[in-house]
Amino acid sequence: MSEAIMKPPLAERQTLLGWLRKNLFNSWSNAILTVAAAWLTFVTLRGLITWVFTEADWAVIQTNLRLILLGQYPIAQVWRIWVSMLLLSFLIGNSLSIWGKGKTSTRFTIGLVALLVALAFVVSGPSRTWLLAMGALLAAGWWLARGAGKAMRSVVGIGWVIWPLIFILLLRGFGDGGPLPQVGTNLWGGLMLTFMLTIVGIVFSFPIGVLLALGRQSDLRIVRWFCITFIEVVRGVPLITILFMAQLMLPLFLPSGVTIDRVLRAMVGITLFSAAYLAENVRGGLQAIPKGQYEAAYALGLSTTLSMGLIILPQALRLIIPILVGQFIALFKDTALVAIVGLFDLVGIARTVLAQPAFLGTHREVYAFISLLYWVFSYAMSYVSIRLEDSLGVGKR
Amino acid sequence: MANAPKAHANPPFWRDERALRLLAQLAFGAAVLFFGYILIQNMVNGLRQQGTTLGIGFLQNTAGFDLAETLNDYTRSSAYIQAFLAGLYNTLLVSAVGIVLSTILGIILGVARLSSNVLVRTLATAYLELMRNLSLLVFLIFWYLGVFLKLPLVRDAINWPGNIILSNRGIGIPWGIPTETWPAFKLFLFGGLLLALAIIVIFHFQGKRTGKAPLAIVWAPLAFIAVAVAGWFLQPAAPLSLDLPAVQGLNIRGGRIFTPEFMALVSGLVLYTAAFIGEVVRAGIQAVSKGQVEAARAIGLTSFQTLRLVVFPQALQVIIPPLTSQYLNLTKNSSLAIAVGYPDLFYVSNTILNQSGRAVEMITLVMLTYLMFSLITSIFMNWYNARVRLVER
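Protein chains in written order, with our numbering: chain A, 15 to 411; chain B, 2 to 394.
What the hints contain is simulated information worked out from the structure, not anything from laboratory work. One thing to keep in mind: the hints can contain errors.
To be verified - To give an idea of the interface, some chain B residues facing chain A are shown, with a C-beta separation under 10 Å as derived from the structure:
(1) Glu130
(2) Lys213
(3) Phe347
(4) Ala360
(5) Thr365
(6) Val367
(7) Leu369
(8) Thr378
Quick caveat, the model's predicted, so the values are computed rather than measured. We put the beta carbon where it would ideally sit given N, CA and C, even for glycine.
All chains should be built: construct the whole structure from the sequences, respecting the hints.
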């Protein structure tokens, strides 16, 4: 307190030199550390910048950008991906103005729109139009949802639940003819497949995970044992063994004559894996709810199902939002493993790119670019989660 | 509604909650069993059509494939089970080395994150943000293909001071070769270990009796080193002779040579896991409330004593559980060795699977092995938690 009242005399107020001395050179050991750290930073940055701007040959990325992003999805059908991206930008715009906070939200929205417009000028052809449309829809979504009431909130919330389904159905298509011919999953690849696997993993593991968590808490002994066994077995083995099991054993479990698509098998594996981890996180949330809440719900005469659905779960899930986002980021990064079982996600497509005779030996460029993609999306997700946490007031009550 | 006062003693069973619960459980159990039965029936039928049955007898068959590096005396004429064990040992090796190194780097990172030096703190944070948002698999592949395989050829190998040779065929470091006095020296080492343990136990009891424990963490290793040094020089010849790696033709000879696969896997896992361990360490140190430190200083402990007697024991309680799960993660992540071609448990099992066609058995075996690791870990965790709780009260 006294520090706040008694400001230091003018001579001791912070100057640049004073700051340097206080923070970096306040003792001999600290000075040595500073010099060592500065040298390390300098060497690393110099090496990195030299490599990125002079040594690396980025032609391999320029030539194969479409392959890396979309896999071998037929060019004539790419509009479907764009349409789902348009919907997504509209939703993001809505959400930013509903859940974002005042100026930050405005700045963030403007930044995103600017980014899309800037990207539009980097690329050429129809992509430019689509990107510009995305920016316009994002801005429109933001504008329309200003000062929205509760009804708008729930509409946007439902939109977020429905969007993944629309995305999947739109990309997959139906039947041979018609406006939406089916695109086989063998043509899915690149960043799109990575996203697809993540989205499917999140959407489907969520209900399974919540059920498993409830089952683990259940008084019914057989149900509890089953859930515990499932959760612990899945959490005890590496994801890659589960993916192999899904690839090799799943077809064996099905009656003869029934075949199941490779991508679908990977999705089953990822969903089960993610569900077990999600169940443990949900259990953490359930345990954090005070017992009084359970008892109050019981006292009101709510049945077990109703008290779970109306009282306990909403609170528990809200409590664990940051943890869940962390888990989904981990899932996004883990989907890379499907490349080992032979799918053409980002990592799988990288192998295809590296096999092109023109680009032999460009491992560094290709994998650095893919790492960058993973990094940017993971970082963005964790950034959004911090924002979300702030605006929902998690951990502040 | 359901809790209206019970007028009569025995409601019919479809209203009796206990009966209903029992029925629900039985129904659930029956459904699970039935579903499982159908799956297994399908599998057995499918396998019969392929002309195979389940069983682990095939593990005695000759493997017939080579493994790049093994810790047991596996050759291509050994049985599958030998290959499996070789993979298991390699996994244990990678995990053990990885755990030790990532702990050291993680502690450094965690402390650096709390440093008062802005530059060090920023650097540690930047490293953490970089690693946490990378996909481990992509990082490992990049690390292997982009760094270790891009090292120069053997004839242009890089020589680092201390006779370390770096090339794309492996990394050679100086190593000792046992001489004839090595067996006797091993006895010395064992004796030193016993002495160190004795010192820890005696100091522990002395500390309990007098309240003034000498620093076992200093004296025990010192005693061990003293015995080892004595054993080295008291014998007629040195127990180990130095073997330096050198470039000979197209290969590195002498010393100890680590393959690029091993190096990439271990260093990749360490760099990745250390970021997470750093966070665990930071959280643990921050979890000790400031009042504890101030109280310790107020009763006159020096800053080193504060760290050792007050902060460290309390931080450890918070650190150990998540740290153990990071160790387990590292062990499970070592299965990504398949991406860099290091013959670990999973890689070898996959080779066996492809060669013998025994998918069901091999996948089950691998899963059981990894499950065993996590079972051992959770047994340790339960033991530790129980112990910590006892210490607390």
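Double-check glutamate 130(B) for me: the hint is only fine if its C-beta lies closer than 10 Å to a C-beta in chain A. Given a least distance of 7 Å, the restraint on glutamate 130(B) holds.
Less than 10 Å between beta-carbons is the criterion; does phenylalanine 347(B) satisfy it with respect to chain A? holds, 6 Å
Satisfaction of the leucine 369(B) interface hint, Cβ to chain A closer than 10 Å: holds, 9 Å
Does the closest beta carbon of chain A sit nearer than 10 Å to the beta carbon of alanine 360(B)? holds, 4 Å
Does the interface hint hold: is lysine 213(B) within less than 10 Å of chain A, judged Cβ to Cβ? violated, 29 Å
Under the criterion of a CB-CB separation shorter than 10 Å, is valine 367(B) in contact with chain A as hinted? holds, 5 Å
Against chain A, run the beta carbon of threonine 365(B) and see if the smallest gap drops under 10 Å. holds, 9 Å
Hold the hint about threonine 378(B) up to the distance rule: shortest CB distance to chain A must be less than 10 Å. It holds, given that the least Cβ distance between threonine 378(B) and chain A is near 9 Å, below 10 Å.
When the structure is compared with the earlier hints, a violation turns up for hint 2 alone.
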